[in-house]
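Q: Spelled out, the chains give:
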Amino acid sequence: MSQTDALDSFVSQPYKYGFVTDVAYEEFPRGLNEDVIRLLSEKKGEPEFMLEFRLKAYRHWLTMTEPKWPNVSYPEVDFQDLIYYSAPKFKPQLNSLDELDPLILETYEKLGIPLSEQKRLANVAVDAVFDSVSVATTFREKLYDAGVIFCSISEAIREHPELVKKYIGSVVPAGDNYYAALNSAVFTDGSFCFIPKGVKCPMELSTYFRINNAESGQFERTLIIAEEGASVSYLEGCTAPQFSRTQLHAAVVELVALDNAEIKYSTVQNWFSGDENGVGGIYNFVTKRGICKGVNSKISWTQVETGSAITWKYPSVILKGDNSVGEFYSVAVTNNKMQADTGTKMIHIGKNTKSTIVSKGISAGESHNSYRGLVKIAKGAENARNYSVCDSMLIGDQCSANTFPYIESANSTARVEHEATTSKIGEDQIFYLQQRGIDEENAISLIINGFVKDVFKELPMEFAVEATKLLSIKLEGSVG
Amino acid sequence: MLVIQNLHASVEGVDILRGIDLEINAGEVHAIMGPNGSGKSTLAKVIAGHPAYEVTQGDILFEGQSVLEMDPDERARLGLFLAFQYPVEIPGVTNAMMLRQAYNGIRRDQGLEELDPLEFDDYLTEKCELVEMDASLVDRNVNEGFSGGEKKRNEILQMAVLNPKMALLDETDSGLDIDALKVVSNGINKIRGNDKAVLLVTHYQRILNYITPDFVHVLVKGRIVKSGGKELALQLEAEGYDTIMDAASV
Chain W
0 MSQTDALDSF
10 VSQPYKYGFV
20 TDVAYEEFPR
30 GLNEDVIRLL
40 SEKKGEPEFM
50 LEFRLKAYRH
60 WLTMTEPKWP
70 NVSYPEVDFQ
80 DLIYYSAPKF
90 KPQLNSLDEL
100 DPLILETYEK
110 LGIPLSEQKR
120 LANVAVDAVF
130 DSVSVATTFR
140 EKLYDAGVIF
150 CSISEAIREH
160 PELVKKYIGS
170 VVPAGDNYYA
180 ALNSAVFTDG
190 SFCFIPKGVK
200 CPMELSTYFR
210 INNAESGQFE
220 RTLIIAEEGA
230 SVSYLEGCTA
240 PQFSRTQLHA
250 AVVELVALDN
260 AEIKYSTVQN
270 WFSGDENGVG
280 GIYNFVTKRG
290 ICKGVNSKIS
300 WTQVETGSAI
310 TWKYPSVILK
320 GDNSVGEFYS
330 VAVTNNKMQA
340 DTGTKMIHIG
350 KNTKSTIVSK
360 GISAGESHNS
370 YRGLVKIAKG
380 AENARNYSVC
390 DSMLIGDQCS
400 ANTFPYIESA
410 NSTARVEHEA
420 TTSKIGEDQI
430 FYLQQRGIDE
440 ENAISLIING
450 FVKDVFKELP
460 MEFAVEATKL
470 LSIKLEGSVG
Chain G
0 MLVIQNLHAS
10 VEGVDILRGI
20 DLEINAGEVH
30 AIMGPNGSGK
40 STLAKVIAGH
50 PAYEVTQGDI
60 LFEGQSVLEM
70 DPDERARLGL
80 FLAFQYPVEI
90 PGVTNAMMLR
100 QAYNGIRRDQ
110 GLEELDPLEF
120 DDYLTEKCEL
130 VEMDASLVDR
140 NVNEGFSGGE
150 KKRNEILQMA
160 VLNPKMALLD
170 ETDSGLDIDA
180 LKVVSNGINK
190 IRGNDKAVLL
200 VTHYQRILNY
210 ITPDFVHVLV
220 KGRIVKSGGK
230 ELALQLEAEG
240 YDTIMDAASV
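Read top to bottom, the protein sequences are chains W and G. Residue numbers for the first sequence follow numbering that gives the first Met the number 0, so the first one is 0 and each next one is one higher. Residue numbers for the second sequence follow numbering that gives the first Met the number 0, so the first one is 0 and each next one is one higher.
None of these hints come from the bench; they were simulated from the model. For each residue, glycine too, the CB sits at the ideal point set by N, CA and C.
Not close to chain W: a few residues of chain G, all C-beta gaps over 10 Å, as computed:
no.: 1; residue: Glu53
no.: 2; residue: Glu113
no.: 3; residue: Leu129
no.: 4; residue: Met132
no.: 5; residue: Leu180
no.: 6; residue: Ser226
no.: 7; residue: Asp245
Restricting the straight-line Cα-Cα distance to at most 25 Å, the calculated cross-link-like pairs of lysine-lysine (DSS-like) are:
no.: 8; chain 1: G; residue 1: Lys150; chain 2: W; residue 2: Lys423
no.: 9; chain 1: W; residue 1: Lys344; chain 2: W; residue 2: Lys165
no.: 10; chain 1: W; residue 1: Lys452; chain 2: G; residue 2: Lys150
no.: 11; chain 1: G; residue 1: Lys150; chain 2: G; residue 2: Lys195
no.: 12; chain 1: W; residue 1: Lys199; chain 2: W; residue 2: Lys141
The shape of chain W in the complex, shown without the other chains (with noise of 0.2 Å):
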């Protein structure tokens, strides 16, 4: 087999989530408009604020455009050609969890994330987002023990609105860009957490979404707060079946952390890609944002992007409380047609904050990966640091890297430090290997392993095992 070859096959795997599970759904027609909202809040049962809310973000969208400047290409959105709410149909109120249609307790566990009490996940808590509704939480009752709570956002917005009025917008304002302010009109469902002051959570949080309807967009919500001294990890897992339709996901995640508080939120996103021709595929549009509000604080982004036909997203930490901390790790695939446009924003208010960025691109096949950052010093952010990394491995010669690094620094007492490199993936470093009796296969999954180190040892225990599996199976065949 010729070294291409081999990387070729390396990198393209089927996909292995693409199966369709066979659900009754309520829907709603296709189109947007203000009785559509209208419709979606009442169906929902939500409180008048967040009519409110959703009517104000959908007429400021309307004003809005699309942005350009994203280093990737796409036809159009039909906005109206879209459903934005889309549920199975079963009772609404479960007792228990074995109570859910069984297709779809069938569903997470071919995903990997069984929900029945016999099978979970001994010490995740799992919210399963299915299409547009959240249709299970696990381990509720004992994080509601500890203090914590942890349930789909539109239980949140039932029960405890006072919560969500409070921090919902506060840190991704409704009009803060077109895919924002759409996401706040029409958002469904989502999680949220919160953890009240001093907690520590006991057990990993994760929320899984899967996209199964073909015709139905996914717009969801996640709030997670964590009060003075809290902390807690998150992690977001995402895949959906393989239609050769397009399919858009514009997601808001906001993450408020105060005094001493720290979040850490993971995310393995694994949307279907489209095929080897760039048929099908979601668009990932998505607005990711935290505030560490309080003094001391701390937010770490961890994503492995693997799928998605495009991914347009730029988890940020504004760095507002004195000696509060931001990082980013980021490992970005992509293959085939893919294109990637992510990075992140670091925006140091606060005194002697400090914000760490390490981002990793890997592109094979005709794919185009594009590193953004934004590193920004105010005025009055005394002795701020920021140390960024950004890598990125070509395999091949028909994919691109592209890296935008952006610096604004208003204040001399700054220290930002930036470095960027991009290599081939070696025929010298696969020689290397091999003639250690390592056979080519392994040789290049050992190359890549190596290259995004740094990045996967960010993440939780549980999901560095998977996510180590799923680089080799969306690589597998495409190095050469």
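Let chain W serve as the given structure and place chain G on it in line with the hints.
A: Using the frame of chain W, we list chain G on its own:
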């Protein structure tokens, strides 16, 4: 052990090796010397199976079996080891990780049980001592941030760990100061044995003071123009390559 017959090889259409014949038996040390650009390093890489080179004629037999159709890793697992002139850096992969995978691959092929990380660690420590290598080197990423001397010593450590039948040493002496050269040479001498063979590619006679060759071959423009015993190396050192090239009229 290694038989090379009328070997021709080219890179990007340029002929580098133009008819090499060589036979190396177990227990022997052969030195290949020659001016820059004569094809010395190419010979070592072609034997190891570097994909950039194309063999256009001839054959390479290792223990009676042609290796030309074999991938580099198959050749390596048969017992061919190349110590690189320019060892390659592999970020994020530790020496120990790479060597354990490599060594266990060889054991698998030999029908032996693989070593678990703890067993391998003991084995590795023992080999570090054998080649007088600082054990902390094994937990560092392969050649990353290594000095020139450390890289060369690392090659020798890898050779000690993988325990090949035939070692190809490609200018292992270049860039080493005299102390490092002694350490590296000692390491090589400790690994040598009656059942093993060494092909040593070098530009200078210096290393041959420490590793005594049984045969010296002079390679010029892709051909062996003269062969002899270790005294040939001394003659080359004294007279330079020009005399021999003139005598061979190449």
